[in-house]
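Student: Sequence:
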Amino acid sequence: MSRGIPIFFATVLLALAGCADLSPGFRALPVVEERYVTALTPRDNIDSLSVWIAPDGVAWLLATAKETDRIVVYDAADGRELARHGASGGGPGELRRPNGIAVSGDLAFVVERDNLRVQVFGLPGFEPLHVFGEAELIYPYGLWIRELGGGRREVYVSDEYAQPDGSVPPLADLGERIKVYRVEGDGAPLASRHLRSFGDTTPRGALRIVESLWGDPAAGRLLIAEEDESYGSELKVYDLAGRFTGTLVGREQFVHQAEGIALWACPDGSGWWIATDQHSRANRWHLFDRLTLEHVSSFRGAVTNTTDGIWLHQGPLPGFPGGALFASHADAAVSAFDWRDVAKAAGIPDGCP
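Taking our numbering, the leading residue of the sequence shown gets 1, the next gets one more, and so forth.
Just so you know, the hints here were simulated from the structure itself, not pulled from any lab data.
Do not take every clue at face value.
[Said to hold, decoys possible] Pairs of lysine to aspartate or glutamate residues, derived as DMTMM-like cross-links and limited to a Cα-Cα distance of at most 20 Å, are as follows:
#, residue 1, residue 2
1, K344, E33
2, K344, E294
3, K344, D289
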């Protein structure tokens, strides 16, 4: 089984790549040292992440491998690769270009861009249990799951359909950028149905290039990353019914491409949003106040770059007693950060009141 590489050697490699040429603003950001970086597997094209706690207490870190059509399972405590699941194809248990992934209970939901569907696997065995979305999805990427209780969920899926030449459709055609599904059950059989599709069609609220999204049910908000750098990267705030609220987040902070989003949510309503500012060399993260959505701080990793998906685990994990932030790295690995280190660098409390 492969193991994470020492941070010292990864740091040296980054320096040799020309870190001195980066902007003064980037180099001045607080640096959070990675606790580990998993072994590099460039052929996989690692994208999105999620965490599941196995019955034996081991925390599994699940990652989609877009090029090899697999789900890679790591030990979240130290980054060791534990297993791989899936195969290329369109049948049950097979995958084509898996992208977004999220765990809900003992179910892993995986968005397959090239199979135009979401496939649900039962954990720990990765039994294929259900597929949905094939009738509506055109070019799906990311997802967020709203837990409703009693085995009921609403699954929000981003759909980056394009014109035949690959360009962004006219604003008037962007009204179905997000598809919402009701999924019921905690195991086989599962039932699902399409509830609605939405997307604003005004210049301010339209979702031009969309992948990452995350919700805050307590606040009634859905934050969606706008990745069209020709327009301007930012987070757009919708309500959970699919209406654009008129609020934009981070336009002055994002330098490159807005990407993975996560939320640290405290019971009293406070907390922090975290979002990736993706770049091959100047990769960073921005934190925003959960309530006011104002910018709080930004930081960078010592080596992590080109981050697509992130997963924020709020609560103790083996090796991470204060919680952990996991981030895809260089399309080939996963980096792990101790949340206490992130909070210290950002100047925020490392827990809830």
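Student: Each hint: holds or not?
Tutor: Now the hints, each set against the structure:
| no. | hint | verdict |
| --- | --- | --- |
| 1 | K344 - E33 | holds, 12 Å |
| 2 | K344 - E294 | holds, 19 Å |
| 3 | K344 - D289 | holds, 16 Å |
The structure agrees with every numbered hint stated previously.
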